[in-house]
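A.B. asks: In case you want the letters, here they are:
There are 2 protein chains.
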Amino acid sequence: MTAFFARHRPMLDDAVQALAARGFWTPFPEVPSGKIYGDTAKADGEAAYAALIGRDFALPGHPGQRRLGAEVSPWGDALRIAYPAADTPALIAAAQGAADDLAAASVEQRVGACLEILARLNRISFLLGHATMHTTGQAFAMAFQAGGPHAQDRGLEAVAVAWMEMTRFPETARWVKPQGKAAPLVIDKHWTLASAGVSLAIGCNTFPTWNSYPGIFASLAVGNPVIVKPHPAAILPLALTVQAAREVLAEAGLPADAILLAVDEPGAEITRQLATDPAVRLIDYTGSSTFGAWLRDHARQAQIFAEETGVNSVVIAATDDFDGMCANLAFSLSLYSGQMCTAPQNLYVPQGGIATDRGHMTVDQVAQGLARAIDTLLADPKQAAGICGAIANPATRDRVAQARVQGRVIRDGTPLLLAVDPDAPVAQDECFGPVAFVIPCANADDGIARAAGLAARKGAITAALYDTDDARIARAVRAFARAGVNLSVNLTGAIYVNQSAAFSDFHVTGANPAGNASLTDTAFVATRFRRVMWRRPATAA
Amino acid sequence: MTAFFARHRPMLDDAVQALAARGFWTPFPEVPSGKIYGDTAKADGEAAYAALIGRDFALPGHPGQRRLGAEVSPWGDALRIAYPAADTPALIAAAQGAADDLAAASVEQRVGACLEILARLNRISFLLGHATMHTTGQAFAMAFQAGGPHAQDRGLEAVAVAWMEMTRFPETARWVKPQGKAAPLVIDKHWTLASAGVSLAIGCNTFPTWNSYPGIFASLAVGNPVIVKPHPAAILPLALTVQAAREVLAEAGLPADAILLAVDEPGAEITRQLATDPAVRLIDYTGSSTFGAWLRDHARQAQIFAEETGVNSVVIAATDDFDGMCANLAFSLSLYSGQMCTAPQNLYVPQGGIATDRGHMTVDQVAQGLARAIDTLLADPKQAAGICGAIANPATRDRVAQARVQGRVIRDGTPLLLAVDPDAPVAQDECFGPVAFVIPCANADDGIARAAGLAARKGAITAALYDTDDARIARAVRAFARAGVNLSVNLTGAIYVNQSAAFSDFHVTGANPAGNASLTDTAFVATRFRRVMWRRPATAA
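Those protein sequence lines, which keep their order, are chains A and B. So in full-length UniProt numbering, spot 222 of the first sequence is number 222, and the numbers just go up one at a time. So in full-length UniProt numbering, spot 459 of the second sequence is number 459, and the numbers just go up one at a time.
Derived from the structure by calculation, the hints contain no laboratory data. These numbers come from a predicted model, not from an experiment. Every residue gets a Cβ at the ideal spot worked out from N, C-alpha and C, and that includes glycine. None of the hints are false.
In the DSS-like style, the derived pairs of lysine-lysine whose C-alpha atoms are separated by at most 27 Å in a straight line are: (1) K177/A to K42/B; (2) K181/A to K382/B; (3) K42/B to K382/B; (4) K35/B to K177/A; (5) K35/B to K181/A; (6) K42/A to K177/B; (7) K35/B to K382/B; (8) K42/B to K181/A; (9) K181/B to K35/A; (10) K35/A to K177/B; (11) K181/B to K42/A; (12) K42/A to K382/A; (13) K35/A to K382/A; (14) K382/A to K181/B.
Here are the computed distance ranges between Cβ atoms for each label pair: (15) I36/B to V176/A: 13 to 21 Å; (16) T539/A to E247/B: 47 to 55 Å; (17) Q179/B to P394/A: 36 to 44 Å.
Build out the structure end to end from the sequences listed, making use of the hints.
C.D. replies: Below, the structure is given as structure tokens:
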């Protein structure tokens, strides 16, 4: 029953070590190469994806009164995949039916199953890449990474933290209290882990696996059955995940219904019904603050782990590598057309201009430098498509169009670059999609104060600073720390503010309105289970 | 600045080890002996207490528009101590004024200060004993232990868990990502701890220090200023705590206002105003589920760590030590007149009677055996006073009087023993105070099911079972684990179901309605602070 655990124990130990060291580490290579994933992996992945299109999706034994599915690839075609769809009571009943056996399993059995699920998901990373590409609009290379190995990393990270936490205290202890000259009191104590209840993972359209794996795997590892509720436009990557997970659970002697898929269609979502069911005690959610607030108001019975809306800023105070800065930011603004919770939006530039290695630059010169760098990056249409991908949701186009009329266009197209005033309403909230605002500010400290203030008030997941003044950098470090936002300083070259590395970066701090769940800190797993004791006097040895 | 830390480092290391081993350990002796605390400690404590009576309580530099205090000892006299009393805005402003310096201090500085505070509190344990005795009604020996060393243990436990959690991940790391034949990407990362905000500790009447220290010390250690809001009838023990803490904080170079006392009087409580202030982000609360529900409904801006109402049960299925069982339960029912969140209330006995070492016993014989054991225990008036203490709150007498008419009296007086039916309304909720119900049930498994069901529905902090059937004990272990309640089996001799030992027992599981905060697990500290990063490319070595 714990063969999976034994097989993957070295990977688990390495993950635990990596979490403590927080350097670079991954067991899941991010390069979509046949040398790594097997010579036929690319072709196999394409074929496997093609074989799913237009068919019923197989989830043997999964509850489902009917079949649903209305996914349309942002790259063009409808997927025409029909998933088994169960109503809320059937899903809750199935989850509850699996709960006791899942909770009664050993820590090793559950953790072993989670690790095997991740290993199998890794083997189908090409298929997951296509599934992610055609539900999110990400270009293939990014979809492979974000939908495959990087998501698997985040899943493994959650399993490792759960493992650390579950094994932190012993299962048994003997308590011996001296009683002076009398015999000591001797009590034998035993602890078991109590699961919290049914866990609901509410997926998002843009990163269906990356954002959902931490909650799914943390809950499963500690013994909570998970209902996976994908965004209706991005079901397939999570359906493949649930499929793999159910197979492994059954092989591990655990109930397949410990993970379930909740499928719905746009305009007929069942999220509210699921989230407010009394049996649901944990909710992992990625999405808008508007729905996040609804959850907090209505799903009062559940603990909510949320990543929500925020306004990410860059302060451009000075640079000794103007071209490197512009190239770096151009990529950050263009990648997946800004449809990332980590993408920069507000670019603050001192109104008097900045010092650079190419001399003093006015705000407009900085803006033009950025625009040129974007033009250069996206000059080749094929490369542009590979970087920008497609727009996942039509609402994003409308949002950008509405923003367009509220500023002066510096660069048209995707991404759109607008000049706006510091207090322009459009720059005070998240405008999710391919648009960024160049905002003149009084000076660099004013820019830092505005960016940090916005992060504290409205939330932010990333912040970036370009500066050459160490004292000011130190002030910025303090200001952004107080605002609870992770700061990247002077990034040039092939590392970007939007990137968050598993086992090293804590994604979302939990310290501002952009979210209360940090991937993956102790708090992310610590309240998903509890310890219950029984004790009795020791029998004479 | 970290001299306190260096001084107490061995104690901290021992505490961390003890938490991992979960055997018996304490640095704070529980015996009120001059040999341990100094020959004059007893007299000094009495004199120090006498010197406080009828005077202004000194909290130098503490905000306060006026003086308040209306404590009356359950043993008789009014305390006539006038504490500095500030209104909510003044307290919040003072806490916020201390926040930045507290957060900016090193982990060692804050933890060192917390350890020194606990060490100084330990030295005034006799004074704390008198203060606890005359605010809670506990007899002196219990007041000394629960108000002094046992509370200090729980405070130290919280500091140790906070220390473990704050130092769990490194402050800096170098992230080196290979880039094939190209030079690796090298990023230097730095993490700082972000405090959550102002912390509010809402004390209770019966265990003002024991129940409040964990939240106070956990919050202070991780960098959150704490407003201590004692029950208006039990201010002194927490006022002495705040006094000691402010002195140490100032000596440690930290702001004294990082801990504040919020004093009010019965009928004019300021708890609601404090709890709903937007600056208050953490609330530690011990008290009724009614007010707990109010907090959850209204203090939505804060994380709430709560210990609330529950119904603790004993299932008497069989025993091979009838006299030992009765004596043990007699003490548990009598101690502090049942005014403990851990005291048993419902005693389930199979209606067909039970097997014992003294032959078969009917329900009535079991009940009479308990009554006799209580009579014996409390036969000597002085010993009775030493065990039962005084009733802290007049409402408790009324509650017991109301319960009295709902059952058949088995033993009158304190504690009151009543026979009631299994479905009697009085036995379905907590009846806090010196009353217990003997409840016939169909059989032992029915008793287990009823006790566990009540725990799951209404909450419970303790459960006890007397049984000789290993298979049934195993079933009970599972049933009570599912109900999220700690179970004690076959306790006889000098260890009681109401006792919870720091560093070993997790007090409250968090897994049923009796509370969501477990003393002291990782979850108790993990969300009281956050990690924020800044990173930048490494400069060439």
